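Residues in the sequence shown are numbered from 1 upward in steps of one, following this note's numbering.
Think of the hints as simulated: they come from the structure by calculation, not from any bench.
Any given hint could turn out to be false.
Restricting the straight-line Cα-Cα distance to at most 25 angstroms, the calculated cross-link-like pairs of lysine to any residue (SDA-like) are [claimed, not checked]: (1) Lys66 with Ser104; (2) Lys66 with Gly4; (3) Lys11 with Leu74; (4) Lys115 with Ser104; (5) Lys11 with Phe129; (6) Lys11 with Ala113; (7) Lys11 with Glu59; (8) Lys115 with Pro77; (9) Lys11 with Ser51; (10) Lys40 with Lys115; (11) Lys66 with Gly122; (12) Lys115 with Glu48; (13) Lys66 with Phe118; (14) Lys115 with Leu53; (15) Lys11 with Met108; (16) Lys66 with Pro77; (17) Lys66 with Met108; (18) Lys40 with Gln55; (19) Lys40 with Leu53; (20) Lys11 with Arg67; (21) Lys40 with Ser51; (22) Lys11 with Thr121; (23) Lys115 with Ala46; (24) Lys11 with Glu63; (25) Lys11 with Ser88; (26) Lys11 with Leu112; (27) Lys66 with Leu92; (28) Lys11 with Asn84; (29) Lys66 with Leu53; (30) Lys66 with Gln55; (31) Lys11 with Ala57; (32) Lys40 with Ala52.
Note that the structure is predicted; figures quoted are calculated from it, not measured.
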Amino acid sequence: LVRGKAEWGVKVHYQPEEGAAQLVGTTPEAVTGRDYLVRKQEELRAVEEASALAQRAAEEIHEQLKRVADQAVLTQPVGPANRNLVLSVAYLVAEGSRETFMESVGNMQQELAGKYLFEVTGPWPPYNFTSVDVSGPRS
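Full structure from sequences and hints, please.
In structure tokens:
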């Protein structure tokens, strides 16, 4: 039942440059070709590690928001086509839980500022939580 509830969209984008830069740290400028290749390998590993950390962070964000929401639906695939998008979910939130939901989002935005960009939309009618049969009458 969706009465008294609204849909809220939450997308989380991670900023790989920020995450990877923190993991690589500062190393001296490459002097030789070998130094350059070692540095590039470190950067590649750092990007992969930052990506894995971003995925874990997205799972934690989703778990926290699911606790406040009545239901949740994945709205956009996360993957290579949407490289920096780590979470795209519609949450069905009861009117009485709206403030708690938004507070949770705000706390996470502050905690993860600089590494993750949150995009929150709503309230919307609960389109992702209803179904309509448009096939017409059956004979």
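Now for the hints, and whether the structure bears them out:
Taking the CA atoms of Lys66 and Ser104, the gap is about 11 angstroms. The hint holds against a cut of 25 angstroms. For the hint linking Lys66 to Gly4, the alpha-carbon distance of about 17 angstroms falls within 25 angstroms, and the restraint holds. Only pairs whose Cα atoms come within 25 angstroms are accepted, and Lys11 paired with Leu74 is accepted, the gap being roughly 10 angstroms. Distance hint between Lys115 and Ser104 is fulfilled; the C-alpha atoms sit about 17 angstroms from each other, no more than 25 angstroms.
About 17 angstroms separates the Cα atoms of Lys11 and Phe129, which keeps this hinted pair within 25 angstroms; it holds. Of the supplied pair hints, the one linking Lys11 and Ala113 holds, its CA atoms being roughly 14 angstroms apart against a limit of 25 angstroms. Straight-line distance between C-alpha atoms of Lys11 and Glu59 comes to about 12 angstroms, which keeps the hinted pair within the 25 angstroms bound. Distance hint between Lys115 and Pro77 is fulfilled; the C-alpha atoms sit about 21 angstroms from each other, no more than 25 angstroms.
Our distance criterion of 25 angstroms between C-alpha atoms is met by Lys11 and Ser51, whose separation comes to about 16 angstroms. Distance restraint check for Lys40 and Lys115: the Cα-Cα separation of roughly 21 angstroms lies within the 25 angstroms cut-off, and the hinted pair is therefore satisfied. At roughly 16 angstroms between alpha-carbon atoms, Lys66 and Gly122 fall within 25 angstroms of each other, so this suggested pair holds. Restraint check for Lys115 and Glu48: satisfied, since their Cα atoms lie roughly 15 angstroms apart, inside the 25 angstroms limit.
Of the pairs offered as hints, the one joining Lys66 and Phe118 holds, with about 16 angstroms between alpha carbons and a cut-off of 25 angstroms not exceeded. The straight-line distance between the Cα atoms of Lys115 and Leu53 is roughly 11 angstroms, inside the 25 angstroms bound, and the hint therefore holds. Simply put, Lys11 and Met108 have alpha-carbon atoms about 13 angstroms apart, close enough for the 25 angstroms limit, and the pair holds. Proximity of Lys66 to Pro77 is assessed by CA-CA distance (about 18 angstroms); at most 25 angstroms being required, the pair is judged to hold.
Annotation: proposed proximity of Lys66 to Met108 holds, straight-line Cα distance about 14 angstroms (limit 25 angstroms). A C-alpha spacing of about 23 angstroms is found between Lys40 and Gln55, which places the hinted pair at or below 25 angstroms, so the restraint holds. For the hint pairing Lys40 with Leu53, the CA-to-CA distance comes to about 20 angstroms; that is within 25 angstroms, so the pair holds. A C-alpha spacing of about 17 angstroms is found between Lys11 and Arg67, which places the hinted pair at or below 25 angstroms, so the restraint holds.
This hinted pair checks out: Lys40 and Ser51 have alpha carbons roughly 16 angstroms apart, not beyond 25 angstroms. With a C-alpha separation of about 9 angstroms, the suggested pairing of Lys11 with Thr121 holds against the 25 angstroms cut-off. The suggested pairing of Lys115 with Ala46 holds, with an alpha-carbon distance near 14 angstroms, which does not exceed 25 angstroms. Between Lys11 and Glu63 the alpha-carbon distance is near 14 angstroms, which keeps this suggested pair within the 25 angstroms criterion.
Pair hint Lys11 plus Ser88 holds up; C-alpha atoms about 4 angstroms apart against a cutoff of 25 angstroms. Proximity of Lys11 to Leu112 is assessed by CA-CA distance (about 14 angstroms); at most 25 angstroms being required, the pair is judged to hold. For the given pair, Lys66 sits about 9 angstroms from Leu92 by alpha-carbon distance, which is consistent with the 25 angstroms threshold. Of the pairs offered as hints, the one joining Lys11 and Asn84 holds, with about 10 angstroms between alpha carbons and a cut-off of 25 angstroms not exceeded.
Between Lys66 and Leu53 the CA atoms are separated by roughly 20 angstroms; this keeps the pair inside 25 angstroms, and the hint holds. For the given pair, Lys66 sits about 16 angstroms from Gln55 by alpha-carbon distance, which is consistent with the 25 angstroms threshold. Between the alpha carbons of Lys11 and Ala57 the distance comes to roughly 13 angstroms, so the proposed pair stays at or under 25 angstroms and holds. Taking the CA atoms of Lys40 and Ala52, the gap is about 18 angstroms. The hint holds against a cut of 25 angstroms.
Every hint, counting from the list given before, is met by this structure.
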